[in-house]
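K.L.:
According to our numbering, the sequence shown is numbered sequentially starting from 135.
Keep in mind the hints are simulated off the structure, nothing from the lab. In this text, all values refer to a predicted model and were calculated from it rather than measured experimentally. Glycine included, every Cβ here is placed at the ideal spot set by N, Cα and C. A couple of the hints might just be wrong.
As the list claims (entries may be wrong) - Each pair of labels, with its calculated beta carbon distance range:
(1) Phe151 with Pro191: 37 to 47 Å
(2) Glu192 with Val139: 30 to 40 Å
(3) Gly153 with Ile200: 46 to 56 Å
(4) Gly143 with Gln172: 53 to 63 Å
(5) Glu144 with Thr195: 12 to 22 Å
(6) Tyr149 with Pro191: 36 to 46 Å
(7) Ala169 with Tyr141: 15 to 25 Å
(8) Ser194 with Gly153: 36 to 46 Å
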Amino acid sequence: EIVKVDYNGETKYLYGFEGIESGLFSREDGISHDATYQVALLGTPPKPSGSDPQPVPESSTVLGLIAVAGLFTAGGKLRKANC
Numbered sequence: 135e136i137v138k139v140d141y142n143g144e145t146k147y148l149y150g151f152e153g154i155e156s157g158l159f160s161r162e163d164g165i166s167h168d169a170t171y172q173v174a175l176l177g178t179p180p181k182p183s184g185s186d187p188q189p190v191p192e193s194s195t196v197l198g199l200i201a202v203a204g205l206f207t208a209g210g211k212l213r214k215a216n217c
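Work the whole structure out from these sequences, hints included.
P.N.:
This is the structure we're talking about:
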């Protein structure tokens, strides 16, 4: 399989020799298009457009904050019950 690719103003031809069975076929002959070929550009992929990625808090941090909030809530209820 060969494909023509225009990328960053350059034209390249990518090819692959080993296909992965796709389960797709042509109705005319029953065998055409029966594989998917993986091709890739060499090099570093471009960064996504827009702003830089923002850090995401770890799930353990979020769970810790929820646990601390639960302790404060339970402590406040106990103090009100003792008064």
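K.L.:
Decide, hint by hint, whether the structure agrees.
P.N.:
Now the hints, each set against the structure:
In this structure the hint that phenylalanine 151 and proline 191 lie 37 to 47 Å apart at CB holds, the actual value being about 45 Å. Hint check: glutamate 192 to valine 139, Cβ distance near 38 Å, so the stated range 30 to 40 Å holds. For the pair glycine 153 and isoleucine 200, the supplied restraint of 46 to 56 Å holds, since their beta-carbon distance comes to about 49 Å. Under the hint 53 to 63 Å, the C-beta atoms of glycine 143 and glutamine 172, about 24 Å apart, miss the expected range.
For the hinted restraint 12 to 22 Å between glutamate 144 and threonine 195, the CB-CB distance of approximately 44 Å leaves it violated. A C-beta distance of roughly 44 Å is found between tyrosine 149 and proline 191, which places it inside the suggested range of 36 to 46 Å. Here the CB-CB span from alanine 169 to tyrosine 141 is close to 24 Å, well matched to the stated 15 to 25 Å. A C-beta distance of roughly 43 Å is found between serine 194 and glycine 153, which places it inside the suggested range of 36 to 46 Å.
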